[in-house]
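A.B. asks: Each chain, letter by letter, is given below.
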Amino acid sequence: MTVESVLPLTGSRCSSCGNVAYPAAAGCQRCGSSDLASVELARWGTVWAHTVQRFAPKSPPYVPPAEGFTPFAVGYVELPDGVKVEAVLEATTVDEPAELADARVTLVATEPVPRFATEAWLSSRSAAEEVGPR
Amino acid sequence: MSLDVSIIGAGLSRFGRQPGVTGRQLAVQAIHAALADAGIAWPDVQVAFGGSDGAGLADTLVAELGLTGIPFTNVKNGCATGGSALVGAVNAVRSGAAEIALAVGFDKHPRGAFDPRPEDWGLPTGYGEAGLMVTTQFFAVKIARYLREHGIDESALAKVAAKAYRNGSLNPNAWRQEPMSEEQITGAAMVNDPLTQYMFCSPGEGGAAIVVASPAAAKRLGARAVKLLAVAPRTRAFGSFEVFSPSIQGDGIPPSVSTDASRAAFEQAGVGPDDIDVAQLQDTESGAEIMHLAECGFCEHGEQEKWIAAGETEISGRLPVNTDGGCIANGEPIGASGLRQVHEIVTQLRGEAGDRQVPGSPRLGFTHVYGAPGISACTVLGV
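So the protein sequences, as listed, match chains W and S.
All residue numbers for the first sequence refer to the UniProt record's numbering, where the first residue is 1 and numbers rise by one.
All residue numbers for the second sequence refer to the UniProt record's numbering, where the first residue is 1 and numbers rise by one.
Just so you know, these hints were derived from the structure itself, not from any lab.
Note that the structure is predicted; figures quoted are calculated from it, not measured.
Hints are supplied without guarantee of correctness; some may be wrong.
Away from chain W, derived, C-beta distances all over 12 Å, residues of chain S [what the hints assert, rightly or not]:
#1 P43
#2 A63
#3 P179
#4 G239
#5 V383
Simulated DEER-style distance windows between Cβ atoms [stated by the list, open to error]:
#6 E267/S - A37/W: 21 to 29 Å
#7 E111/W - G112/S: 25 to 33 Å
#8 T93/W - E149/S: 51 to 59 Å
#9 S15/W - G122/S: 15 to 23 Å
#10 L122/W - H150/S: 58 to 66 Å
#11 G187/S - T10/W: 20 to 28 Å
For each residue, glycine too, the CB sits at the ideal point set by N, CA and C.
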C-alpha cells in the first residue's frame, strides 16, 4: 500500500452555499438546500484535536486487530476543504501528545473509518518496509 | 394570560444502585415526594409529562398513581428528557390548559450502559468496528482542545471532580458520598486523555419530579413556591461539535447549544449570569463543568482556572456550582438528571439544603442540561 493508492474520502458540497459535508449528505446543514454535489476531499490536513482510546471498546461492535487491542489515537483532522473529519490517527507513539498536536497528517485509509498518519509514522513505516519482507 | 409559573413541589427518589427496585418504582417515589412537598394528591394534577431513556414509558405510571384520566405525554429527549417534560408542564400552565401540572424523569441504567449502535445515529457500521462509538471520546476530544486553546492546566479537571465528591459527601441522597482527593482522581485509570475514570459520571439510577402551578393555584394552596422565571430548550446550530459526529462542518470555533439555551433563558427571565446565586451545570465529566461555566456566560473562556483556584464554584464561593454533587456524585439516570438539578435549586432557594446550604439566602438559581445529539435546556428560578 502506498499513500497515493488510497482512494480519497468522498463528501458533498452544497451547490447553494458551498458548505462541505462528510460523509456525503442528503441535505445541507447550513442552508437546508438538497442540491448537493459529490466532492473528493483533500488527502491531508492538520490535527484539530485528539484523545487516546486507552481501553478496548466493547465488542461487538468493536473489532480489535488480530494482534489484540492497543491504545490508539482518535480525533478530528481539519481539511483545507473547510470540514473537520473524525479519524483514527496513526502516530509512532500515543503517549507523546506533541507528535499529534496541530500535526500535518496524511490519509492512509478510508475504511472502516478515515485513518490519517503523522509524517513520523509514515517515515518509520517506509523504513520498516525497506528492511522487511517484500 | 399570565406567563408566570411557580414550582410548588419537588421530589426525588434515592439516587445510586438500588437492586430489586425498578425505574418505574423510582419514578413513583419521586412523584409521591413531589406531591407531598406541594401538599397535594395525585388527583389534583391536571396534566403530566415525563419520560425515561431506557426504564419504560412514563404514561404507564398511572397504574400505580391512580387512573384519574388526565392527559399524560411521554417524552424521550435524551439528556433533555426532564427539561422537555418541564417545558410541556410549564406551557400547559401558561396556556391556561391546566392550573397544576407535573413533570417526571427517571432511569435505571446498568453498569456500563450506553451502547450506542452506529445505525441509530445515521453512521456507517464501520464506526462501531473501528472503536469510535465510545461516548467518552467526544468529551475528551472537546476538553483536550479547550484546555489547549485557553491555556487551562489539566489539574483543573481533578479539582472540579474533587468538589463534586466533596459536595456529594454533604448530600444524604447522593450516590457517591465519599470525598476523593485530587491525587486519587488524577491517578485513576485513564479513560480518554486527559480524562480519568473518576472524572466521569457513571450511568446510574434515580427519579425526579416537579409540580408546577399557576400563581393563583400556588396562592390558594399556600405553597412554598419558587418562581420559574425561564425555561429554554434549544437544539444545536450549524457547525457545532457533538458526540458521534463523523465530521464538524464549517470553519472557526464551533458554536455551543448551551450558549444559545442559556442566553434565551436569561433573556426570558430578564436577568444576567452575574445575578445568579447558585447554579447547576451539566457535568457529564469534570471538563464539561469547566466549559459550561463559560458557555453559559458565567465567566470568560479561559477564566475558569482562576475561578476554580479561588474557590468561586465551591458552596462558599461567588457562584456555587453543582452543590448536590452533580452528575459525578449522583450518577446519570438520563431521564432524571435535568429535574434533579431543578430540585436542588428549589431546595437551595428555600434554604433547606442542610449541610450543603449556600450561605446568604440565595435568591436566584440556574440549571443547565446538555446532551446528545446537541441539545440543551436551561431554567432560571427565583424567590
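A.B. asks: Of all the hints given earlier, name the ones this structure violates by number, lowest first.
C.D. replies: Hints 4, 6, 8, 10 and 11 are the ones this structure does not satisfy, whereas the remaining hints hold.
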